[in-house]
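Novice: Dock chains B and C against the given chain A, drawing on the hints supplied.
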Amino acid sequence: MDSTASARTMTHQAPRADVDIATTREGTPGGTFMRQFWTAVGVSTDVERGRAKPIRIMGNDYTLYRGHSGHAQVIDSRCPHRGAPMHLGWVEEDAIRCVYHGWTFDCDGACVDQPAEEASYKDKVRIGTYPTREHLGIIFCFFGTGAEPAFPPFPEPPGEGVIDVWPVYEVPCNYLQCFENTMDEVHVAFTHAPGGSHAKLSQDLPIITAEETDWGLMRYGRRKSGNVRHTLHYAPNIVRVIVPPLSGMNGVGGWPEIIFSFTPVDDERCLWIITSKVYVSGDDVAKFHAQLAELNRLRADAPPVLDVVRDIWSGKLAYADVTHPDLAVVQDIAVQAGQGVIEDRASEFLGRSDAAIVVWRRILRRELQLIAQGEPRKVWSTPPDHITPALGI
Amino acid sequence: MDSTASARTMTHQAPRADVDIATTREGTPGGTFMRQFWTAVGVSTDVERGRAKPIRIMGNDYTLYRGHSGHAQVIDSRCPHRGAPMHLGWVEEDAIRCVYHGWTFDCDGACVDQPAEEASYKDKVRIGTYPTREHLGIIFCFFGTGAEPAFPPFPEPPGEGVIDVWPVYEVPCNYLQCFENTMDEVHVAFTHAPGGSHAKLSQDLPIITAEETDWGLMRYGRRKSGNVRHTLHYAPNIVRVIVPPLSGMNGVGGWPEIIFSFTPVDDERCLWIITSKVYVSGDDVAKFHAQLAELNRLRADAPPVLDVVRDIWSGKLAYADVTHPDLAVVQDIAVQAGQGVIEDRASEFLGRSDAAIVVWRRILRRELQLIAQGEPRKVWSTPPDHITPALGI
Amino acid sequence: MDSTASARTMTHQAPRADVDIATTREGTPGGTFMRQFWTAVGVSTDVERGRAKPIRIMGNDYTLYRGHSGHAQVIDSRCPHRGAPMHLGWVEEDAIRCVYHGWTFDCDGACVDQPAEEASYKDKVRIGTYPTREHLGIIFCFFGTGAEPAFPPFPEPPGEGVIDVWPVYEVPCNYLQCFENTMDEVHVAFTHAPGGSHAKLSQDLPIITAEETDWGLMRYGRRKSGNVRHTLHYAPNIVRVIVPPLSGMNGVGGWPEIIFSFTPVDDERCLWIITSKVYVSGDDVAKFHAQLAELNRLRADAPPVLDVVRDIWSGKLAYADVTHPDLAVVQDIAVQAGQGVIEDRASEFLGRSDAAIVVWRRILRRELQLIAQGEPRKVWSTPPDHITPALGI
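Chains as they are written, first to last, in this note's numbering: chain A, 235 to 627; chain B, 235 to 627; chain C, 235 to 627.
These are computed hints drawn from the structure, not numbers from a lab.
One should not assume that every hint holds.
What the hints assert, rightly or not - Ranges between beta-carbon positions, derived for each pair:
no.	chain 1	residue 1	chain 2	residue 2	range
1	B	T443	A	E609	50 to 60 angstroms
2	A	E609	B	A580	56 to 66 angstroms
3	B	E326	C	R367	49 to 59 angstroms
4	C	D328	A	A433	26 to 36 angstroms
To be verified - To spell it out: a stretch of chain B is covered by chain C in this simulated footprint if at least three of its residues, at any positions, have a beta carbon under 8 angstroms from a beta carbon of chain C; those stretches are:
no.	segment
5	282-292
6	319-326
7	342-354
8	539-546
Beta carbons are placed, not taken as given, at the ideal position from N, Cα and C, and that holds for glycine.
The following block holds chain A by itself, in its conformation from the complex (with noise of 0.2 angstroms):
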């Protein structure tokens, strides 16, 4: 099998990887290149005012809650004082009271009460806090050292338009092979084959190419016609995108600019954190929230997601046959996840259609190989106004 063997070299273009690319632990090279950015935590429609709940990023556990005023705040998920979850609290303005013995903490992680304690002790304990900040429906936390990247971390896609947040979606897989799923359009014409909400990109396949830019990487996809599709992949896990409407939304909406973070809750699950810029004005502002609400509808009265792609996996339900209001995130999910928990790299035979997933991966490497040794590593920009999606088709 000489020819497997030379198959396989194509997978080893990059530096030989001494380091884990699909780790964002904290304390590993890509717990500290993640923890460079921004991270999307969650939407802004998670947390009312005066409320609290836990969140898991990255392998971390912490608690995020809205004050009374209306600010968002990302804290440590325990309480110094004897490990209670801080989310069982009270939020009291815009700080949080424990529920095991008082102790309450501001944003700032200050301790400002300790009801049973003599006064000076407050001053010796503090709650770690998070820099927390709200882009476009999403909520965004910076859990690095050192001075916080300039927010927002991208723009609003420019033009009149309507900003729809989607629903958020826990998916059972390490979030890198999503992010990379996002630079392989090929997939579409398979994948997406059932249901048909995609056929217009897969008319015919494109030729990938892609190049490292100051912000992440710009990926192109060269149609026959000569038309080429341009997709922004953010560093270091959002993709900005033009998408077909989802086939619940029967087109209406036409084609949004979508911005998807694939956001680690650990190594083995991610969320799906999606934003739209819906380009709809006057009275199809209406039409389009009416649809959205039908399809919210189905929605609520179709089978979960995760219930329908573990009845794929398990062999019950056939691929092909499912329908679904969430069709096209169910088969997402079920070959995305369904190349394993974390995605054995090492068995790939890599092809011309995963030419931009290479080039991540070398840039990937590359920094996390700086991190282990302590060098100098690249100065990520703020992606500019002007660089925008091309649909290309």
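Specialist: This is chains B and C only, laid out in the frame that chain A set:
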């Protein structure tokens, strides 16, 4: 952060711990310590005459059965022949017959029948058995080596009244943080604030002190009024205390005395095994039982306690909004098991309210270190009748 | 306890085991031993023409599909390109196309289409395939190296009758203790006492003997009457035996001959794959099918077998009280998987009733040790037509 460093030293008042105070696995110092005492393994109504059930205590599996004489007996979980679960078998008089090949063992562990084997073979086989006795509606078992301690392990609370045995709860965390919670009366003003069941204990916050006794720990809670609440902590895992009536009891039965064992299932789970003396007599006995029947009806219709706790943990339910006939139990489990399966005691900032916990940990560490070093250790006494809890509010 | 020590020596009649006789993982001696034979992987009705499903056998994942010609084929579970699950794809003639990028493989493993790649690349890629054949309603696969053994792996039971393939059960324990159970006829008098389905086999207890053959193990059960029951144990995991009708059959169809494979899913689970010859002809065929349809109606309305088993294990249901259309299956799984996920053979007290188990373990240890040492091992024969089971009661 010098102040933090100095705060942390508070957690190190106890001698340096090179022992694991949370584990009770057989063969560890903690396991040996716990096995000096009678262990509550369930309630008497768990097992009827002629029936058997599986139990798991401190990481080991056993079969508990009740012979036709009424005697309850704990034996090893598996038949020594080929490992079939003994609780699947048949109780015959006070012996038990294995479901696989009919080998039969009496209460002393002797093999008394082996239908398919030659007659002499049964003399070569025994099953492990453990002294088993009952007191106040609770089944106790002695898993230690040497002579069994005096029985009962503690006196019945004095005075006229009714013994009321509670439902057993299985709680998904280590037993020790639950036992510690009973030493920490400040928590009731916060943890049990929603629902108001403990309002009378929360009018002001007590100053906690504690002292070691021959039989465990006596804890005091001094109020601004000068009243002092007395609570008994019987070594190694039982609390005796006067508590408010459960919210579902609407005050009927008044403030009972409860005796509450935190029995390790294994290091990650524990049973809450509770009996109580309710101070009712005459017509009030019937009123109490009627209200208890009503509470049990409400319990039967309510979602399982642990389902509610998991919804609180996941953020689906807000702690402050929960209603449940077992609200105080929901609250206690949400907070105590919310500290983590085994609380990370190395990350605490202990305070004045933790004074009794600090004393008990010091005792535990001392005893476990003596066991680890093979040195003589404390001989614990049976708690005397005349030392009783005081309400003290 | 000298007597115990001498009893324990009975378990050591076989040569010292330095091999793990329970594992079948690839690369272990047990895995190599098992892969010498055709392995039953499912029943023919599991997969229709044009469909694919996932299977897991001896710790490895595969895709099983049936081409449009009717040929069933086992291949590797994942596409060699980027690891997508092959069973999500499309069966085209007797080939299968991957859902992710359309790579297509034929029954021999050749890549015959790769839509987005250059033409020559497909010659460099193959998928693993495994010889797959069918016999008596069961699908067999050969996972070994070298030439495949003779097929079919055992003869059809002689005489006029109907082949009846049973439902497949997935059982949560290692396959070997299930295979051993079939060598242990004494168990039926106890394990199957409730319900009475095996009463005729339980009137007295047989004396068990066994001898190694060219094709496996022949086991004898001699009754007080002098009658001898013959049961065939085909290496490595198949039993052929005459059994009573299932309780749900009410005796219709009489005592069938069953051929029963204990197929490892992995070391912790196995499939019970069973086919049978029912000795009915003429009008009795229709009666048999009518009663079987009735049994299947009862099965559809009954709680799942494993749910009942778990309720028995937890103590919620009493073993002796269970009623179920598949009662004997419930009983067998409760007892055999109740021995532990992998029975602890080091803790047994084997007796006279275990004589056949002792012989088979000695064979297994001998063969696995030869494999471990790289020495020539037994060449097993295909079971001959003329050696058949005898009822012998």
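Novice: If a hint holds in the structure, say so; if it does not, say that too.
Specialist: Hints versus structure:
Hint check: T443/B to E609/A, Cβ distance near 57 angstroms, so the stated range 50 to 60 angstroms holds. Hint check: E609/A to A580/B, Cβ distance near 34 angstroms, so the stated range 56 to 66 angstroms is violated. Between E326/B and R367/C the beta carbons are some 51 angstroms apart, a value that agrees with the proposed interval 49 to 59 angstroms. Between D328/C and A433/A the beta carbon distance is about 28 angstroms. The supplied range of 26 to 36 angstroms therefore holds.
A count of 4 residues in the segment 282-292 of chain B with a Cβ less than 8 angstroms from any Cβ of chain C is obtained; the coverage claim is therefore met, three being the minimum. Counting residues of the segment 319-326 of chain B whose C-beta lies closer than 8 angstroms to any C-beta of chain C gives 5; at least three are required, and the coverage claim holds. Coverage of a stretch by a chain is defined here by at least three residues with a beta carbon nearer than 8 angstroms to that chain's beta carbons; for the segment 342-354 of chain B and chain C the count is 5, and the condition holds. Note: the segment 539-546 of chain B has 0 residues with beta-carbon separation from chain C under 8 angstroms; the three-residue rule is not met and the coverage is violated.
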